[in-house]
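Trainee: Chain residues, written in single-letter form:
2 protein chains.
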Amino acid sequence: MSLVVQKYGGSSVADAESVKRVARRIVDTQKAGHEVCVVVSAMGDTTDDLIDLAEQVTPLPPARELDMLLTAGERISMAVLAMAIQAIGAEARSFTGSQAGVITDSAHGRARIIDVTPGRIRTALDAGHIAIVAGFQGVSQDTKDITTLGRGGSDTTAVALAAALKADVCEIYTDVDGIFTADPRIVPAAHRIPRISSEEMLEMAASGAKVLHLRCVEYARRYQVPVHVRSSFSHQEGTWVTDAPAAEGEAMEDPIISGVAHDRSEAKITVVGVPDKPGKAAEIFEIVAAAQINLDMIVQNVSAAATGLTDISFTLPKTDGSTAMEALTRAQSTLGYDKLIYDDQIGKVSLIGAGMRSHPGVSARCFAALAAAGVNIEMISTSEIRLSVVTRADRLDDAVRAIHTAFGLDSVEGEAVVYGGTGR
Amino acid sequence: MSLVVQKYGGSSVADAESVKRVARRIVDTQKAGHEVCVVVSAMGDTTDDLIDLAEQVTPLPPARELDMLLTAGERISMAVLAMAIQAIGAEARSFTGSQAGVITDSAHGRARIIDVTPGRIRTALDAGHIAIVAGFQGVSQDTKDITTLGRGGSDTTAVALAAALKADVCEIYTDVDGIFTADPRIVPAAHRIPRISSEEMLEMAASGAKVLHLRCVEYARRYQVPVHVRSSFSHQEGTWVTDAPAAEGEAMEDPIISGVAHDRSEAKITVVGVPDKPGKAAEIFEIVAAAQINLDMIVQNVSAAATGLTDISFTLPKTDGSTAMEALTRAQSTLGYDKLIYDDQIGKVSLIGAGMRSHPGVSARCFAALAAAGVNIEMISTSEIRLSVVTRADRLDDAVRAIHTAFGLDSVEGEAVVYGGTGR
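In the order they appear, the protein sequences are chains D and E. Mapped onto my numbering, the consecutive letters of the first sequence carry residue numbers 1 to 424. Mapped onto my numbering, the consecutive letters of the second sequence carry residue numbers 1 to 424.
If you are wondering where the hints come from, they were derived from the structure by calculation, not from laboratory data.
Note: identical chains are not told apart, hence a pair may lie in one copy or across any two.
DSSO-like cross-link-like pairs, simulated, lysine-lysine; straight-line CA separation at most 30 angstroms:
no., residue 1, residue 2
1, K31, K144
2, K280, K318
3, K144, K166
4, K339, K280
5, K339, K318
6, K277, K339
7, K210, K318
8, K318, K277
9, K166, K210
10, K166, K31
Working from the sequences, and respecting the hints, build out all of it.
Mentor: Given below as structure tokens:
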């Protein structure tokens, strides 16, 4: 008997009818001979509604209480799902994150899982029950307070439980058919990727692909949990994220590029006229780091010899833009720069592929494609299996299409799909 | 420093504005020099909405999962209330029933409190925090599952916490000004009772007065918790439910009758033509008891000597009517009765007063008043401090008014109030 962990996002359980549909799917999985543990997100817009309620009371809800509030969302969906399963004749029991043994640190709103002790889940499964677990939530090891895991939290819960239960697979159900070579809303010729390595998936997620959250992929990679991303609206195979060797009959040769990701969520700050002295760049980034901001790309211009001054540009999430600008403005006299430029009209396109390691010339082919499409390159960064380019925001779609075509990713049929987020 | 437990019902925290108003009241209590522990119900119609959701999924939601679902309601209200308090500068921490140490049996939907171990609440109070506790919920001692306490549950939580914390007073906030000598919607001359013994309050609650639930009063009586029932919409004194000796200056003489309660929630079943043999009545009531139904009043007619048959009537909650009729119908051949009559057009009026012990003639005065008002008496039952009479439903209001006047309870001014339920 194999053990399957299934995760259903908010759009899969948006209302009573959806919940019943998901319940049938879960029961079918059990009838096919599997033990089933289900992780569920809050129904539809519940989380947003709860945040609205909090904001009606106070503009800055305290983090501990916001976590207590938001966890009511999964409590509702998991109980209703357990009811729907029992209504069609199988046994189900719902468990909060705390009851399921999801132990976290105390960082409310963005807690990290420290340990998973799924004793009650194991007992429920041994009794032949389907275990339903609230995603996105845990309990702090130190304070015993309720915590939430932040964006992508339910996916992370599912993978963490799959690892702790030694599940055979963690199925992430969403409203799209899997991971695509590019966003089909931008590239109609994009196609589903049947199989991708965790390393590539990590780069995809970090580069703006929204179907799987970065932390979930990191967790799956560390604990070697095979993840199957698929649609809750069909029975088609989705995308397997796994490092296991490909089975007989599957494609033997990796493509150079697995997919093209894009990201519109970043902004660029340029610090103009920085004295070109050792340690100045470090000072700038210490200030930004002290404000708890994660930078993405950094470019330092060649110093103009005449002035001894240089410009330093970096990208960061737009949501951190004002915090970073304030921190740098406060430090202007210490840093001695001339001025700050804030630019939120940028886009980033990234090519990801393990094949880049063995195929030189990827950057050249990419830059040529962008040049042919008339797209200007503003910043460049690379990792071993990724090449990212910053463009003007209004040229991003053209850039994605040009690269997708240049690397032979356009499918013949062009499957019609909708590419969206997974909720959380 | 004294410790105050305050309980706010769903109507007191119906929306964000109400929550802010209640938050100010709580902070004012702390500023007046008290430690404050607050028990809160779900906001407005939340519980009904959650029940609706469950019923969309299944007509018979499993009790364990229904409890899991419903407890989301208090989780929301307590977190939002804690936020509102912190927004005006005081420190507050919310706790689930489980975190607050409310330990119950495993009877989902109607769990009884076995123990209260409020260690985390005590710690929060010692730190100068206001503790907000979810009403209506606890955790099962045996299964560690989440339970709910059933109707009146939040009041019971408040009194149980007050007992465990050795609070000086348990304030039950509601949308009326206290306990009244009768329902002011029926008797405009009814007035607020400033002080009532727990014994009288028990009889009032058991006889249909809705402001305080029976279990809460039982708990308060057993642990000698002084309860102050008052309005969350004013700062007036409400009704003290306490057995402590009256302070100097308060009324020295108890009235014969403290109040007149009424109840429209019962029905009457008559078993016609029962063989008048020893043990027959016991057989009937064993069948009803086996169906988990609580009877209220019972009357057995004098047997007609010619036939050797008698009629037995009893009252029970209307909600149990069909269950009881089915159980009795199934047993017709065993019991050997002729037929069953179901009558849900009855009402019950009850006079309650500790003074009845020392004042004979209460029944005579009551019956005379009813006769003068032209109200027919169908059944009668009495306890040491209560006299109850069943009438036709459409004569109940007249009966309540006639008795209220006959015992001198009509106030001179006739305070204008609204008399309603407390939610749960």
